[in-house]
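Hints in hand, dock the two standalone chains.
Just so you know, the protein sequences line up as chains A and B, in that order. So the first sequence is residues 1 to 166, counted in the numbering used here. So the second sequence is residues 167 to 311, counted in the numbering used here.
There could be a bad hint or two in this list.
Claimed, not checked - No farther apart than 30 Å at their CA atoms in a straight line, the calculated lysine-lysine pairs in the DSS-like style are these:
| id | chain 1 | residue 1 | chain 2 | residue 2 |
| --- | --- | --- | --- | --- |
| 1 | B | Lys265 | A | Lys151 |
| 2 | A | Lys39 | B | Lys281 |
| 3 | B | Lys212 | B | Lys265 |
| 4 | A | Lys131 | B | Lys281 |
| 5 | A | Lys151 | A | Lys131 |
Quick caveat, the hints were computed from the structure, so don't treat them as lab data.
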Amino acid sequence: MVKRERGFTLVEIVVVLAIFGIFIWIVVILTADMRAWEKRMPINFMMHPQISGVVSRLRRDVADARWPYYPSSQGTWQQSPTTLILDTLREAGTTETVVWDFSKEGEVTRLAFVAEQQQSSWTAHGTPTFKILDFPIVEHPDSVRIQAYDKDGKLAIDQIFQPRAH
Amino acid sequence: MSLHSRGYNRQMERQRGFSLIEVLAALLVLAIVITTTMAMFVERQKRMQAANETILAYQAISNEIEVRRRIPYDKLEDPDVSPSTFLTLKEIDVLAPLKPYAATVTVGPAQNYVKTVTLSVRWHNAQRVERVSIMRVDTGGSGLW
Numbered sequence: 001m002v003k004r005e006r007g008f009t010l011v012e013i014v015v016v017l018a019i020f021g022i023f024i025w026i027v028v029i030l031t032a033d034m035r036a037w038e039k040r041m042p043i044n045f046m047m048h049p050q051i052s053g054v055v056s057r058l059r060r061d062v063a064d065a066r067w068p069y070y071p072s073s074q075g076t077w078q079q080s081p082t083t084l085i086l087d088t089l090r091e092a093g094t095t096e097t098v099v100w101d102f103s104k105e106g107e108v109t110r111l112a113f114v115a116e117q118q119q120s121s122w123t124a125h126g127t128p129t130f131k132i133l134d135f136p137i138v139e140h141p142d143s144v145r146i147q148a149y150d151k152d153g154k155l156a157i158d159q160i161f162q163p164r165a166h
Numbered sequence: 167m168s169l170h171s172r173g174y175n176r177q178m179e180r181q182r183g184f185s186l187i188e189v190l191a192a193l194l195v196l197a198i199v200i201t202t203t204m205a206m207f208v209e210r211q212k213r214m215q216a217a218n219e220t221i222l223a224y225q226a227i228s229n230e231i232e233v234r235r236r237i238p239y240d241k242l243e244d245p246d247v248s249p250s251t252f253l254t255l256k257e258i259d260v261l262a263p264l265k266p267y268a269a270t271v272t273v274g275p276a277q278n279y280v281k282t283v284t285l286s287v288r289w290h291n292a293q294r295v296e297r298v299s300i301m302r303v304d305t306g307g308s309g310l311w
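If we strip away everything but chain B, and leave its shape as in the complex, we get (with noise of 0.2 Å):
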């Protein structure tokens, strides 16, 4: 056998392409690769999500703030004046996307001349709450806040 010959045999072996093996593991190692960058994007996602969803709950738990902090002390467990759901969310629902939700108001007992009026917004099934308390003093009925 030539030279020339012997080395034409060597250089068909090196061309014989992988074998299944080697595929299978190429592309398991690709498929790690891609399946952590894809959780890491999918994470971050689902953070970007809960800050989205929590801007919008906090938009409207601080209008309904600016209403409840507006009623009179005497009349905040009157459900007629100060119901327990929110009144800014009738006409225009600014936690459309979060639907089923649920915005409720509760008034806590007179302490010491002030209430704590708690505005709370659940979603998820209500595995996502966002939360915001104000205190409401009894000025006598002036226009203090």
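The shape of chain A in the complex, shown without the other chains (with noise of 0.2 Å):
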């Protein structure tokens, strides 16, 4: 003799799936702020750690940079809102011509010349697309503002830099 073929009876399967039901509900509220949350806000650029390389370096060749700061072109360079061309110190104390060329997609290359010699390159790779702006402080002309925008048009990156007094 065979017991209990009867199978779930339709009460028994519709508890079943109430109870998951909740579960699921539970998951969903659970997670929607952060789903709403992340349509907000721009991707965090500054966790690639060659994008905050990037950041990095340019703000101390700024900050490090020496009068007349910007010199308008550097060899076939010229100054414009993807290449940022300085004259900045080296750690010997004395100065090299830095370019940093931002017009290449997906990449920013870090070139450093003395006396029209190439010392140094540097390329960062996986980067946005930045924009190089003028940053007018009063009496102090002299700042560089850096942007990038994530893929969606959002502001990920602003920061603003000005040469240190030497």
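See below:
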């Protein structure tokens, strides 16, 4: 004789589904705020070591910049919203001319020159598109503002740097 | 009853399926495991969210510091030159994702030719606050800072 072959009743299935439904509803509530926040916030580029490296190296170059700070050209490079040229101090106390090239999508290149001879080259990969702007501070119009937007057009990086007094 | 039919009946008893209690117990265990995992995931996301918001706040604060340290010492309390709101957020607002927020600047009284300028950003109904203070020294008008 076979015992209990009847399977589940409709009430049993409804009870199980109701319990599981409540559980799923709790999970959705828990994640709703998170999803709304993700839509609002820009990508945190600063968590990327190469991107934060670009920002911190540029900050140091501008902080150490020496008068007249921003020459109009270096070799074939010209100052532009995607190229920043500046004269900055080296560790030895001498001056070098640094070219920050933001013109290529997805990468940023820093080139250093002494007396027209290239001394070093460093390229950061996986970067957003940077833009160089002026940010005039009263009586100190030598500041640089660097910005980067994520793919949804949200402002992710906005930094103002200025040369320090030597 | 033959040996064959007794074995058949035992096999049929083993195939009777799960009871409602067994299914509920299994679902309970599954729910506990998934809820715990989700709770860990949500907590991690909250911490990531807090870190990302802090990075935005510090970008705004560091920009404002660049401006405030160039304002002449004797004009730090002049509301026309040194207002109590951030000068760097007028046109481009890196703090837009944190709205509504309050970005304020306060200047402490001079003590021994030093004024403390405090820059604060508050958001999430002031539950989150990031604050940085800089010391401005009266250098007699020189460009040192």
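Taking the hints in turn, this is what the structure says about them:
Simply put, Lys265(B) and Lys151(A) have alpha-carbon atoms about 21 Å apart, close enough for the 30 Å limit, and the pair holds. This hinted pair does not check out: Lys39(A) and Lys281(B) have alpha carbons roughly 41 Å apart, beyond 30 Å. Between Lys212(B) and Lys265(B), the direct Cα distance comes to roughly 18 Å. Compliance with the 30 Å bound is thereby established for this hinted pair. Our distance criterion of 30 Å between C-alpha atoms is broken by Lys131(A) and Lys281(B), whose separation comes to about 35 Å.
A C-alpha spacing of about 14 Å is found between Lys151(A) and Lys131(A), which places the hinted pair at or below 30 Å, so the restraint holds.
Consistency with the previously given hints fails for numbers 2, 4, ordered from lowest to highest.
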